[in-house]
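Residue numbers (the numbering used here), protein chains in the order written: chain A, 2 to 457; chain B, 2 to 457.
Simulated from the structure, these hints should not be mistaken for laboratory data. No residue lacks a Cβ here, since even glycine has one placed at the ideal position from N, Cα and C. Relax, there's no trap hidden among the hints.
Straight-line Cα separation of at most 25 Å, BS3-like style, residue types lysine-lysine; simulated pairs:
{"hint": "1", "chain 1": "B", "residue 1": "Lys423", "chain 2": "A", "residue 2": "Lys432"}
{"hint": "2", "chain 1": "B", "residue 1": "Lys432", "chain 2": "A", "residue 2": "Lys423"}
{"hint": "3", "chain 1": "B", "residue 1": "Lys423", "chain 2": "A", "residue 2": "Lys423"}
Covered stretches of chain A (in silico footprint by chain B; criterion: 3 or more residues with CB under 8 Å from a CB of chain B, positions within the stretch not fixed):
{"hint": "4", "stretch": "93-105"}
{"hint": "5", "stretch": "123-133"}
{"hint": "6", "stretch": "291-297"}
{"hint": "7", "stretch": "327-340"}
Protein chains: 2
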Amino acid sequence: MPNPVLIAPQWIVPVGPPRVDPREPDPAHVVLADHAVVVEGERIAALLPLAQAQQRYPHADTVALPGHLLAPGFVNLHSHAAMALLRGVGDDLPLHRWLNQRIWPLESRLVGAQFVRDGALLAFHEMLLGGVTCVNDMYFFPEAAIEAASTLGLRSVHGIIVIDFPSAYASDAGDYLRKGLELRDRMRDESLVGFCLAPHAPYTVTDDVLRRIATLSRELGLPIHTHVHETLEEVEASVARHGMRPLERLADLGVVGPELIAVHAVHMTDGDLRLLAEAGASVAHCPHSNLKLASGIAPTARMHELGIGVGIGTDGSASNNRLDLLGEARTAALLAKGQSGSAEAWPAARTLRAMTLDAARALGLDDRIGSIEVGKQADLVALDLSAAELAPVFDPVSHLVYSCGREHVQHVWVAGRHVVRKRQITDDAVKLQIGEVVARTTVWHNRVGEILSGQV
Amino acid sequence: MPNPVLIAPQWIVPVGPPRVDPREPDPAHVVLADHAVVVEGERIAALLPLAQAQQRYPHADTVALPGHLLAPGFVNLHSHAAMALLRGVGDDLPLHRWLNQRIWPLESRLVGAQFVRDGALLAFHEMLLGGVTCVNDMYFFPEAAIEAASTLGLRSVHGIIVIDFPSAYASDAGDYLRKGLELRDRMRDESLVGFCLAPHAPYTVTDDVLRRIATLSRELGLPIHTHVHETLEEVEASVARHGMRPLERLADLGVVGPELIAVHAVHMTDGDLRLLAEAGASVAHCPHSNLKLASGIAPTARMHELGIGVGIGTDGSASNNRLDLLGEARTAALLAKGQSGSAEAWPAARTLRAMTLDAARALGLDDRIGSIEVGKQADLVALDLSAAELAPVFDPVSHLVYSCGREHVQHVWVAGRHVVRKRQITDDAVKLQIGEVVARTTVWHNRVGEILSGQV
Numbered sequence: 002m003p004n005p006v007l008i009a010p011q012w013i014v015p016v017g018p019p020r021v022d023p024r025e026p027d028p029a030h031v032v033l034a035d036h037a038v039v040v041e042g043e044r045i046a047a048l049l050p051l052a053q054a055q056q057r058y059p060h061a062d063t064v065a066l067p068g069h070l071l072a073p074g075f076v077n078l079h080s081h082a083a084m085a086l087l088r089g090v091g092d093d094l095p096l097h098r099w100l101n102q103r104i105w106p107l108e109s110r111l112v113g114a115q116f117v118r119d120g121a122l123l124a125f126h127e128m129l130l131g132g133v134t135c136v137n138d139m140y141f142f143p144e145a146a147i148e149a150a151s152t153l154g155l156r157s158v159h160g161i162i163v164i165d166f167p168s169a170y171a172s173d174a175g176d177y178l179r180k181g182l183e184l185r186d187r188m189r190d191e192s193l194v195g196f197c198l199a200p201h202a203p204y205t206v207t208d209d210v211l212r213r214i215a216t217l218s219r220e221l222g223l224p225i226h227t228h229v230h231e232t233l234e235e236v237e238a239s240v241a242r243h244g245m246r247p248l249e250r251l252a253d254l255g256v257v258g259p260e261l262i263a264v265h266a267v268h269m270t271d272g273d274l275r276l277l278a279e280a281g282a283s284v285a286h287c288p289h290s291n292l293k294l295a296s297g298i299a300p301t302a303r304m305h306e307l308g309i310g311v312g313i314g315t316d317g318s319a320s321n322n323r324l325d326l327l328g329e330a331r332t333a334a335l336l337a338k339g340q341s342g343s344a345e346a347w348p349a350a351r352t353l354r355a356m357t358l359d360a361a362r363a364l365g366l367d368d369r370i371g372s373i374e375v376g377k378q379a380d381l382v383a384l385d386l387s388a389a390e391l392a393p394v395f396d397p398v399s400h401l402v403y404s405c406g407r408e409h410v411q412h413v414w415v416a417g418r419h420v421v422r423k424r425q426i427t428d429d430a431v432k433l434q435i436g437e438v439v440a441r442t443t444v445w446h447n448r449v450g451e452i453l454s455g456q457v
Numbered sequence: 002m003p004n005p006v007l008i009a010p011q012w013i014v015p016v017g018p019p020r021v022d023p024r025e026p027d028p029a030h031v032v033l034a035d036h037a038v039v040v041e042g043e044r045i046a047a048l049l050p051l052a053q054a055q056q057r058y059p060h061a062d063t064v065a066l067p068g069h070l071l072a073p074g075f076v077n078l079h080s081h082a083a084m085a086l087l088r089g090v091g092d093d094l095p096l097h098r099w100l101n102q103r104i105w106p107l108e109s110r111l112v113g114a115q116f117v118r119d120g121a122l123l124a125f126h127e128m129l130l131g132g133v134t135c136v137n138d139m140y141f142f143p144e145a146a147i148e149a150a151s152t153l154g155l156r157s158v159h160g161i162i163v164i165d166f167p168s169a170y171a172s173d174a175g176d177y178l179r180k181g182l183e184l185r186d187r188m189r190d191e192s193l194v195g196f197c198l199a200p201h202a203p204y205t206v207t208d209d210v211l212r213r214i215a216t217l218s219r220e221l222g223l224p225i226h227t228h229v230h231e232t233l234e235e236v237e238a239s240v241a242r243h244g245m246r247p248l249e250r251l252a253d254l255g256v257v258g259p260e261l262i263a264v265h266a267v268h269m270t271d272g273d274l275r276l277l278a279e280a281g282a283s284v285a286h287c288p289h290s291n292l293k294l295a296s297g298i299a300p301t302a303r304m305h306e307l308g309i310g311v312g313i314g315t316d317g318s319a320s321n322n323r324l325d326l327l328g329e330a331r332t333a334a335l336l337a338k339g340q341s342g343s344a345e346a347w348p349a350a351r352t353l354r355a356m357t358l359d360a361a362r363a364l365g366l367d368d369r370i371g372s373i374e375v376g377k378q379a380d381l382v383a384l385d386l387s388a389a390e391l392a393p394v395f396d397p398v399s400h401l402v403y404s405c406g407r408e409h410v411q412h413v414w415v416a417g418r419h420v421v422r423k424r425q426i427t428d429d430a431v432k433l434q435i436g437e438v439v440a441r442t443t444v445w446h447n448r449v450g451e452i453l454s455g456q457v
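Chain A with its partners taken away, still in its complex shape:
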């Protein structure tokens, strides 16, 4: 049994537990100075004033972090990691050209286990160095993405993807489901791997399949993760075809409950929002992707007013070329204010909660991650606030959200493992593998060029 590890930063923002008395300050705005977190194995064993921690754990190995802020690891609530290999191939195009001339032709020719392994390794590496300790990913060949996450020691949740068209991965909805559920069975002993059901979108999955997914979700206790109300066209097409808005149809089919993670949720009436609020559903907000594809701006200030839990997602690199959850969160906070007309919307502490505990709750993982509490998994991120561009520090939580960038992320722990130290992956063999994948991107680059130029 290795020694416990005593992490002693200048400030700790535990984020949880939730406040009991509403007159207390937002727990995500509580900043502890001169405290320490003690990690034993995978878990947080103690959160104590430094002197007490040193007394109680005299044999602990100490990680002293003067000038640093320690926070719960960030949770990326929506990604398509493998698409890192397509970063920047379809910028500044209208949606239909982006899909028809770039993304779909490339995916149909390129996607396979190797593509997913390489792309996901690049994407997860980028996320991890930016402080993400848990990612909710949706893509074909999830077993390859799991391999990438496992290489890096990243916690990951994988969508059991279901879509009503054949791909290199599966032939039909039944095949998608079967493959995903089998994978889940094989991975049941992997403590860092989780699953959710991931029907691609209401418009690409039939009623029967959605009903079956609702049943499976209840039977297996799995979240349901689906793209919904991303564009106005999609909402109008559903009304024309089904006589209902997509969320109404999902509700009809039993899909809208506390287990639902509604990704995007851009074009929302107050009725749509109340439906989510009353069901206790969550939203995965992807502001950069929504802006870049000109989908619109989700009404996230109103979501908070109605008590809807909102997490933040980067989406994939094809629609958001930078997988930077901290930057995404800053944009989420700023955009909520700009769109709602209230500078008080999405304050810093509430935004930090969206990046951590609210996203963990959406994934059904808030008993294990999302805050720095005794007994939870030690998923932690340390940011260096002593840089010149961050002086002076009036409020570490404000700095985390509004001033820091991923360049200030110095240390990352996942389940107690110190996976990033001083902005470097700690495991040399893993660093070597990443170098190999970066070198191999030349091959992917050339294949993309050949496909787009019609040479193959």
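Assemble chain B onto chain A, guided by the hints.
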């Protein structure tokens, strides 16, 4: 005479000269591979294929930058640098509380030459490390900001600030003008220092003074830099008081011409936009500040349609806690798409132009900076695109705008001086000074605390 310097990156994006034939690609999207820039003294002496450059300049000192992209240095078109010392003291507050309870009480007690010198040094240091080579700053005690810029070797333009209330700096509009113009006279031999006239805003400067500023602008050839149409309230108050929208009133007083830099320009009718377009005026777009203060979202896609030159500004740290022009430009590009509903708005190359040549033109400096052209000043920035999170590179201009962060800025030259090398200030004495200012922020931090708690 030192040797010429031959800079040999993997890619060069010259941005200029402007295209003559509209069927040619956007010059800001032209990427030169295997080329070199040769710098002699302050200027760009050549832009040539690498082999030719080596042949023609055999004695040049070579800076080899494999995997790097070389672009014109970024121009920050609007800042209040000294406010770096107030970063994060007033987040998440509505505008009137932000001003009345935080910014104004603090400014009235703190602002003086030392405050401006320290704050501006912090802010300019942050900007320079993020690739900014020229900043347009507006604040009290501009001589102290000039000292800070000069310490760092940063090119700067300073507002001759005019506002109709007394401050520690000046007593009335006449005094502000006189002090600013005297400073300009004293600085006339400083090649890196420029000036513009900076009436604070239409609502804080009288008609007479604005008329005088219009005359001075024509006589002295100075741009006019003013906050305008930032909030809806300000527009409505002008209509109530003057029977005109602020821009109409400025036009009436002779202030709206090619020399005008309209800062913010958020609440704009099509008539307001046409007024700017027809006058050949420019806009300084500050998206993060406009969002954070819940002012709104400027119609920047429409500005481009009308041919209005739009540059990008960070604004001050009190309303945008991160002085990161690259991040600001990415948000500008994304927000233009999201707001206009067109993914084609503000494409990457056009955004790069906004960060460089369009801002230089607004300042009347496009004959000297803003693009990599022979004879222009060597204001350059090199970004390392070989990082794992940027692989593969399909389009270096897309990567610059959508994927890079300021953490990828490795080298910066201003007027031929290599001021940042491998993310470090090259001059050790300057580094030392910055360390001293960072240490002194503790004093400012404590004074702010005392003022806000009513102890002094």
